[in-house]
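Chains as they are written, first to last, in the numbering used here: chain E, 465 to 689; chain G, 465 to 689.
There could be a bad hint or two in this list.
Since the list gives no way to pick one copy over another, a pair counts as held whenever it fits inside one copy or between any two copies.
What the hints assert, rightly or not - No more than 25 Å apart at the CA atoms, straight line, and that leaves these computed lysine to any residue pairs for SDA-like:
no. : residue 1 : residue 2
1   : LYS521    : ALA617
2   : LYS613    : ASP627
3   : LYS521    : PRO511
4   : LYS613    : GLY526
5   : LYS521    : ALA607
6   : LYS598    : GLN582
7   : LYS521    : ARG560
8   : LYS521    : PRO653
9   : LYS521    : LEU626
10  : LYS598    : ASP588
11  : LYS521    : VAL486
12  : LYS613    : PRO579
13  : LYS521    : PRO614
14  : LYS613    : GLN582
15  : LYS613    : GLU586
16  : LYS613    : ALA517
17  : LYS521    : GLN609
18  : LYS598    : GLU586
19  : LYS613    : GLY508
20  : LYS521    : HIS652
21  : LYS521    : GLU651
22  : LYS521    : PHE629
23  : LYS613    : ALA562
24  : LYS598    : PRO579
25  : LYS598    : THR642
26  : LYS598    : ALA482
27  : LYS598    : LEU584
Source of the hints: derived by calculation from the structure; they are not laboratory data.
Protein chains: 2
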Amino acid sequence: MIPSNITCYALENVPPVARGVVRDLRVRWALEECGIAYQSRLVGTGPGTLTPAEYLKIQPFGQVPSFQDGELTLFESGAIVLHLAEEHEALMSTDRSARAHTKQWMFAALNTIEPQVQQLAEIDLFHPDAGWVKERRPGVLEAVQRRLKPLAAHLADRDYLLDRFTAADLLMSTVLRTLRHTAIVEEHPALHAYKQRCEARPAFERALAAQLADFVPWQPRDLKG
Amino acid sequence: MIPSNITCYALENVPPVARGVVRDLRVRWALEECGIAYQSRLVGTGPGTLTPAEYLKIQPFGQVPSFQDGELTLFESGAIVLHLAEEHEALMSTDRSARAHTKQWMFAALNTIEPQVQQLAEIDLFHPDAGWVKERRPGVLEAVQRRLKPLAAHLADRDYLLDRFTAADLLMSTVLRTLRHTAIVEEHPALHAYKQRCEARPAFERALAAQLADFVPWQPRDLKG
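Kindly produce the complete structure, drawing on both the sequences and the hints.
Below you can see the structure in the form of structure tokens.
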């Protein structure tokens, strides 16, 4: 691993349903693909953590991840992954056209696919019993499928979105992980195989293990404390 | 204007409620800021247009805009604007740290702010009379405000997201335009002033005029035809 002064900000404690999908996973994975060592800094209530109020000075929306590399502080998982990809061929080819297409699929992941997927996950995970869900969920599911079908067709004869693994696959496969509480990805064999292919990468496995290791044991009362 | 072979794909016909906010506006605006001439190619049913089925070969999700520059075809408005920004200082400084922060705010616009704003606009414009809306809309509005308040605070003492106009302002202000059917932006004086500041740019005005000029006169029956 290349030594660095990089810090990745993450959460100390989230409910089990969110463990393994919080977006600092993207930054950790990108750093692992580049072979760059980093340290995590946690936002929470335990010893050595930043309080949420302190963290607002780094990230105005209070979201994780943020990223610090010496003088440079950055937030937005897409921007951090892109920042690393700009400087590391492990995440993006040096070819001008391939770079443009990597960015195309990065934005497709975060602006075309994720908003729909996130809306469905929010319904299922946070409002399962709300009165409006029964009437609304079918339309949201349909919007998800309208995006996933063309994506599955694109991946039917490809291992990755471009002709090799890039930062776009890193983002797209983490977006697909948000559907893990459903069988929607599995309904599309090309998507399922693609997600498994991405998740089998050693860099992904290390990043996931590191995120999970940083969480304190889950105590539901922690949310109220 | 610098001559070019650039084509921007746009729609021939959308309902009045969408005119002036379709996302090819972003690409047209970016090209105008760079002083690059372009032609539009329309997707629709009229003479000289691409049919939606033909357009799927260019854009697998069927969305506009797409962008063609000689051999390079790109989709995703964020990726196209970024592609232009990479090569034109009119949209992004050459300083490494400023470039990273421009990208940070580009992703904030499209991945933190737009999904919430879009969800509210979808409710108001496409499902105003649905049974689930009364119960669901307050939560969606609250999520919008939770994002807009920190954004307004950031812009309280700044003209732009960074210390000059960049591609991030181009994206963020077009995201805010999606709320034009409400008074939500106007409730935040800093956001309202910011949006007006961006929209007063001559390049924006030319881009908006060009988008509007490309639409055929609206006939509700066209949607069924």
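Verification of the supplied hints:
Taking CA atoms no more than 25 Å apart as the test, LYS521 paired with ALA617 passes between copies only; the shortest distance there is 12 Å, against 43 Å inside one copy. When the C-alpha separation of LYS613 and ASP627 is checked against a cutoff of 25 Å, the pair qualifies only within one copy, where the shortest distance is 20 Å, while the shortest distance between copies is 42 Å. For the homomeric pair LYS521 and PRO511, the shortest alpha-carbon distance inside one copy (19 Å) is at most 25 Å, but the shortest distance between copies (55 Å) is not. Within a single copy, LYS613 and GLY526 get their C-alpha atoms only as close as 33 Å, which misses the 25 Å cut-off; across copies the closest is 12 Å, which meets it.
Taking the shortest alpha-carbon separations for LYS521 and ALA607, only the inter-copy value of 20 Å comes in at or below 25 Å, while the best intra-copy value is 36 Å. Taking the shortest alpha-carbon separations for LYS598 and GLN582, both the intra-copy value of 17 Å and the inter-copy value of 21 Å come in at or below 25 Å. Taking identical chains as interchangeable, the C-alpha atoms of LYS521 and ARG560 lie at most 25 Å apart only when they sit on different chains, with a minimum of 22 Å there against 36 Å within one chain. Only between protomers do LYS521 and PRO653 lie at most 25 Å apart by alpha-carbon distance; the minimum there is 22 Å, versus 44 Å within a single protomer.
Taking identical chains as interchangeable, the C-alpha atoms of LYS521 and LEU626 lie at most 25 Å apart only when they sit on different chains, with a minimum of 16 Å there against 37 Å within one chain. In this assembly of identical chains, LYS598 and ASP588 lie within 25 Å of each other by CA distance both inside one copy and across copies; the values are 11 Å within and 19 Å between. Taking identical chains as interchangeable, the C-alpha atoms of LYS521 and VAL486 lie at most 25 Å apart only when both belong to the same chain, with a minimum of 20 Å there against 34 Å between chains. Proximity of LYS613 and PRO579 under a CA criterion of 25 Å is satisfied in both settings, with 16 Å inside one chain copy and 20 Å between copies.
Proximity of LYS521 and PRO614 under a CA criterion of 25 Å is satisfied inter-copy only: 11 Å between copies versus 40 Å inside one chain copy. For the homomeric pair LYS613 and GLN582, the shortest alpha-carbon distances inside one copy (17 Å) and between copies (21 Å) are both at most 25 Å. Taking the closest pair of Cα atoms, LYS613 and GLU586 come within 25 Å of each other both inside a single copy (21 Å) and across two copies (21 Å). For the identical chains of this complex, LYS613 and ALA517 are inter-copy neighbours only, at 15 Å across copies versus 41 Å inside a copy, given an alpha-carbon limit of 25 Å.
With identical chains, the CA atoms of LYS521 and GLN609 are at most 25 Å apart between copies only, with a shortest distance of 19 Å across copies and 38 Å within one. For a Cα distance limit of 25 Å, the shortest separation of LYS598 from GLU586 qualifies both inside one copy, at 14 Å, and across copies, at 18 Å. In the homo-oligomer, the alpha carbons of LYS613 and GLY508 lie at most 25 Å apart only across protomers (22 Å), although the nearest pairing inside one protomer, at 39 Å, exceeds that limit. In this assembly of identical chains, the alpha carbons of LYS521 and HIS652 lie at most 25 Å apart only when taken from different copies (21 Å versus 42 Å within one copy).
Taking the closest pair of Cα atoms, LYS521 and GLU651 come within 25 Å of each other only across two copies (24 Å); inside a single copy the shortest separation is 43 Å, beyond that limit. In this assembly of identical chains, LYS521 and PHE629 lie within 25 Å of each other by CA distance solely across copies; the values are 23 Å between and 35 Å within a copy. Only within a single protomer do LYS613 and ALA562 lie at most 25 Å apart by alpha-carbon distance; the minimum there is 24 Å, versus 37 Å between protomers. In this assembly of identical chains, LYS598 and PRO579 lie within 25 Å of each other by CA distance both inside one copy and across copies; the values are 20 Å within and 22 Å between.
Proximity of LYS598 and THR642 under a CA criterion of 25 Å is satisfied intra-copy only: 20 Å inside one chain copy versus 27 Å between copies. Taking CA atoms no more than 25 Å apart as the test, LYS598 paired with ALA482 passes inside one copy only; the shortest distance there is 23 Å, against 28 Å between copies. In this assembly of identical chains, the alpha carbons of LYS598 and LEU584 lie at most 25 Å apart whether taken from the same copy (12 Å) or from different copies (19 Å).
The structure meets every hint from the earlier list without exception.
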